[in-house]
Amino acid sequence: MEYDTLKHRPPYPFATIGVAMAFSSSRLEDVLAEAKILAETCNARLLLIHIGEKTLAKENILNDILKRLGCNSMEIQIIWQQGNPVKTLLNICKQHLVDLLILRAKRREKGLSYYLGSVVRGLSRAAKCSLLLLTEPQVSGTSFRKIIVNGVQNPKTIPTIQTVNYFATHVGAREIIVVTESDQQGVAMAMAYDSTATQTTLVKERLSSQEAQQLHELVSLCGPCEIKVSEKIVTGRPGYAIRQYAEQANADLLVINSPDAKYGLIDRIFTHGMEYILENLPCNLLIVHSRVS
Amino acid sequence: MAKLTPDDLVILLLAISTMLLLSRFASELGRKVGLPIVMGELLVGIALGPTVLGTLSPTIYNTIFPFTTNAHVSLALDGLFSLAVIMLLFVAGLEIQLSQVIRQGRITVFAGLGSMILPFASGFAAAWFAPHWFNIAKSDHFLFALFLGTAMSISALPVIARILLDMKLFKTKVGMVIISSAIFNDLIGWLFFSFILSLAAEGTNDGAGGIVSTLVYIVAFSVFMLVIGRLLLNRILPWVQTRLSWPGGVLSLSLGFCLLCAAFTESIHIHAILGAFIAGIAIGDSVHLREEAREIMHQFVTNFFAPLFFVSIGLKVDFIQYFDGFIVAIVLLIACVGKVVGASLGARLGGMHWHHAMAVGFGLNARGAMEILLGSLAFQAGLIAQPIFVALVVMALVTSITSAPMIRYFIKERAVR
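In order, the protein sequence lines correspond to chains V and B.
Each residue of the first sequence is one higher than the one before, counting from 0 in numbering that gives the first Met the number 0.
Each residue of the second sequence is one higher than the one before, counting from 0 in numbering that gives the first Met the number 0.
Hints are supplied without guarantee of correctness; some may be wrong.
[As the list claims (entries may be wrong)] With a straight-line Cα cutoff of 20 Å, these simulated SDA-like cross-link-like pairs (lysine to any residue) come out:
id, chain 1, residue 1, chain 2, residue 2
1, B, Lys170, V, Glu216
2, B, Lys170, V, Thr234
3, B, Lys172, V, Gln213
4, V, Lys155, V, Glu210
5, B, Lys315, B, Ala75
6, B, Lys167, V, Gln183
7, B, Lys170, V, Val233
8, B, Lys172, V, Ser208
9, B, Lys172, V, Pro9
10, B, Lys167, B, Ile400
11, V, Lys155, V, Lys261
12, V, Lys203, B, Leu231
13, B, Lys167, B, Pro404
14, V, Lys203, B, Gln298
15, V, Lys203, B, Tyr408
16, V, Lys155, B, Thr171
17, V, Lys203, B, Arg234
18, V, Lys109, B, Leu231
19, V, Lys155, B, Gly104
20, V, Lys109, B, Ala75
21, B, Lys170, V, Pro237
22, B, Lys167, V, Arg107
23, B, Lys170, V, Val151
24, B, Lys172, B, Gln379
25, V, Lys155, V, Pro9
26, B, Lys172, V, Gln152
27, B, Lys172, V, Arg205
28, B, Lys167, V, Ser181
29, B, Lys167, V, Ile232
30, B, Lys172, V, Val202
31, V, Lys203, B, Met166
Simulated from the structure, these hints should not be mistaken for lab results.
Put together the whole structure using the sequences plus the hints.
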């Protein structure tokens with residue numbers, strides 16, 4: 000019954016916000032502060048989840064932090080559970096109908112840990128709810144002024160952009176840029192044999208204008224938004240191009256669809272799509288699980 | 000050290016310039032009427048070779064292309080043609096994006112497998128059960144059967160990409176499935192073909208041990224280069240492209256790396272084409288390789304080495320003498336039926352609508368220059384005789400010309416319904 004509810008649930012509003020707590024992290028207070036601010040802004044219930052042993056020391060640390068953050072009046076539920084971090088977190092999110100799970104993420108997973116998979120990366124590849132990966136959480140709260148959304152041609156994109164509109168309105172964003180990546184792989188090879196310079200230019204322009212038109216249609220299908228929404232085409236490999244653009248544009252938040260299939264080790268070796276972003280986070284990342292099959 | 004005399008050098012340069020200039024002229028004429036560029040190059044080769052010039056004026060033919068009368072020039076030309084093959088395989092590899100196959104998912108897997116298994120099985124079965132159709136002795140038809148199966152299953156990525164671009168289908172679902180399946184076909188096809196060439200060079204006398212060791216070498220080299228080699232290149236390329244002269248730095252690195260890999264595979268008794276092909280994949284798959292660098296490599300190879308290579312085919316083979324209508328018909332039939340049925344069935348099983356699945360089948364049926372390259376290498380290795388090579392060339396041209404109208408027909412049919 001609960002699963003059915005979760006399956007047909009729209010990706011927004013964020014009625015329940017979960018936070019994955021790691022007591023080993025020095026940024027626990029920052030993450031909790033961010034979650035508290037978001038929960039207040041979205042009028043959401045807060046679920047604090049720790050996968051690990053429940054000890055008195057940990058309880059004391061948590062109580063101190065919650066006291067300092069002034070969480071006394073909020074609706075907060077704390078869950079302590081042991082088990083495999085990724086699987087257990089996924090189960091808890093499913094059981095408690097979590098709409099958004101907040102995690103602290105390193106910008107870059109070094110060496111083998113990227114290939115073997117950290118908890119954060121593991122969740123990103125498999126979560127059944129939206130995830131917010133914060134690279135630099137702050138007690139005062141991150142300002143999400145400039146939001147970049149991946150406007151890939153996919154049935155999930157419209158709910159994703161609508162979720163961004165909802166999120167951006169609540170956090171007071173100034174600008175949303177919907178970006179399409181134009182991958183021109185194969186064009187050089189196809190045009191090398193028997194094309195004039197004019198033909199090559201025309202083909203490239205035609206591909207770009209097709210993509211611009213598709214992007215425009217996609218954005219117009221998402222309905223009105225109170226915040227300024229602009230469109231942008233970037234050239235390059237999907238995943239990599241938008242990561243580069245988010246870095247160059249100093250974005251505060253990059254938003255992408257949840258993956259269509261579960262990513263595994265082979266996707267990390269032959270990197271593509273979301274893996275380029277997870278490999279090296281350009282900024283905070285929101286992965287919207289739109290629950291569209 | 001043996002040296003070219005000034006007269007030898009004059010002849011060599013004359014031969015190269017004749018091939019380049021005439022093939023460009025013929026290709027431009029062909030382009031005006033919508034014929035594949037490779038057709039113009041082949042026709043120039045036929046006109047300059049034993050078929051026409053060699054018959055009409057043997058003296059001029061033997062002066063410009065003294066394959067039998069001047070060992071020095073013949074050797075120099077042979078070296079140039081070998082380099083051309085290596086470069087062609089290198090740029091073919093440049094466009095193989097492994098991630099593209101992975102991210103396209105179910106339909107590509109089905110279409111890719113269908114477009115390989117059925118053509119391979121039909122080619123292999125025809126050669127195995129009816130070697131007399133191809134004038135092959137029953138005793139040595141195993142390698143030939145393997146070759147024919149492989150020749151039926153590869154595709155021509157450059158031709159396919161161009162057809163899709165011209166038809167504005169490049170970025171559509173059908174287009175992406177065709178491209179990804181062609182990548183899959185080429186990857187497996189060329190890896191397997193290098194295995195066959197190694198067997199042909201060493202003979203199958205070493206028994207199962209020899210076959211297994213050849214397979215192990217190919218797999219080990221490919222996996223090493225595509226995993227470790229790619230990672231290293233991903234680290235080196237950004238540095239090369241920003242710190243060294245542009246585009247000189249990246250061109251030297253890429254071409255040097257290609258030749259190094261080709262030399263390595265040749266030295267371990269696997270054909271040099273494998274090294275060049277895998278080097279192309281390792282470099283081309285990198286997100287750090289700038290599009291301009293890729294374009295320069297394509298332009299250089301396709302406008303210098305490709306014409307020389309395709310003209311050289313006509314120079315070496317008498318297309319009229321060795322044209323066997325029966326063999327041509329058989330090869331054409333097996334190639335088209337196997338590929339179209341296999342790929343369409345695969346795409347349909349993958350979930351594609353029947354009309355689009357047929358468009359995928361005809362899209363992958365285009366063999367183009369890659370089939371001619373494959374046939375030429377097999378001919379040089381002694382795997383096939385001239386009539387079969389001629390049949391493969393005809394098949395490559397026919398499938399390339401018919402592909403676009405057939406795709407158009409099935410896409411229109413789908414739109415109408």
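Hint by hint, here is what the structure shows:
Note on Lys170/B and Glu216/V: the hinted pairing holds, with a Cα-Cα distance of about 16 Å set against a maximum of 20 Å. For the suggested pair Lys170/B and Thr234/V, the alpha carbons sit about 14 Å apart, so the restraint of at most 20 Å is met. Between the alpha carbons of Lys172/B and Gln213/V the distance comes to roughly 14 Å, so the proposed pair stays at or under 20 Å and holds. With a C-alpha separation of about 17 Å, the suggested pair Lys155/V and Glu210/V falls inside the 20 Å cut-off, and the hint holds.
The suggested pairing of Lys315/B with Ala75/B holds, with an alpha-carbon distance near 15 Å, which does not exceed 20 Å. Taking the CA atoms of Lys167/B and Gln183/V, the gap is about 13 Å. The hint holds against a cut of 20 Å. Between Lys170/B and Val233/V, the direct Cα distance comes to roughly 15 Å. Compliance with the 20 Å bound is thereby established for this hinted pair. Taking the CA atoms of Lys172/B and Ser208/V, the gap is about 18 Å. The hint holds against a cut of 20 Å.
Using a Cα cut-off of 20 Å, the hinted pair Lys172/B and Pro9/V is violated, with the two alpha carbons roughly 27 Å apart. Between the alpha carbons of Lys167/B and Ile400/B the distance comes to roughly 17 Å, so the proposed pair stays at or under 20 Å and holds. For a cut-off of 20 Å, the pair hint linking Lys155/V to Lys261/V stands: about 15 Å separates their Cα positions. For the proposed pair Lys203/V and Leu231/B, the alpha carbon gap of about 31 Å is over 20 Å, so the pair is violated.
Between Lys167/B and Pro404/B the CA atoms are separated by roughly 13 Å; this keeps the pair inside 20 Å, and the hint holds. Between Lys203/V and Gln298/B the CA atoms are separated by roughly 16 Å; this keeps the pair inside 20 Å, and the hint holds. With a CA separation close to 25 Å, the supplied pair Lys203/V and Tyr408/B exceeds the 20 Å bound. Among the hinted pairs, Lys155/V with Thr171/B is consistent with the structure: their alpha-carbon atoms are about 18 Å apart, no more than 20 Å.
With a C-alpha separation of about 29 Å, the suggested pair Lys203/V and Arg234/B falls outside the 20 Å cut-off, and the hint is violated. A C-alpha spacing of about 16 Å is found between Lys109/V and Leu231/B, which places the hinted pair at or below 20 Å, so the restraint holds. Straight-line distance between C-alpha atoms of Lys155/V and Gly104/B comes to about 17 Å, which keeps the hinted pair within the 20 Å bound. For the suggested pair Lys109/V and Ala75/B, the alpha carbons sit about 50 Å apart, so the restraint of at most 20 Å is broken.
Distance check on the hinted pair: Lys170/B and Pro237/V sit about 13 Å apart at the alpha-carbon level, within 20 Å; holds. Proposed proximity of Lys167/B and Arg107/V is contradicted: the alpha carbons are some 39 Å apart, above 20 Å. For the hint pairing Lys170/B with Val151/V, the CA-to-CA distance comes to about 12 Å; that is within 20 Å, so the pair holds. A hinted pair counts as satisfied when its Cα atoms are at most 20 Å apart, and Lys172/B with Gln379/B does not qualify at roughly 39 Å.
Annotation: proposed proximity of Lys155/V to Pro9/V holds, straight-line Cα distance about 11 Å (limit 20 Å). Between Lys172/B and Gln152/V, the direct Cα distance comes to roughly 11 Å. Compliance with the 20 Å bound is thereby established for this hinted pair. Of the supplied pair hints, the one linking Lys172/B and Arg205/V holds, its CA atoms being roughly 17 Å apart against a limit of 20 Å. Straight-line distance between C-alpha atoms of Lys167/B and Ser181/V comes to about 15 Å, which keeps the hinted pair within the 20 Å bound.
The hinted pair formed by Lys167/B and Ile232/V meets the criterion: a straight-line CA distance of about 19 Å does not exceed 20 Å. A hinted pair counts as satisfied when its Cα atoms are at most 20 Å apart, and Lys172/B with Val202/V qualifies at roughly 18 Å. Distance restraint check for Lys203/V and Met166/B: the Cα-Cα separation of roughly 14 Å lies within the 20 Å cut-off, and the hinted pair is therefore satisfied.
Against the hints set out earlier in the document, violations occur for numbers 9, 12, 15, 17, 20, 22, 24.
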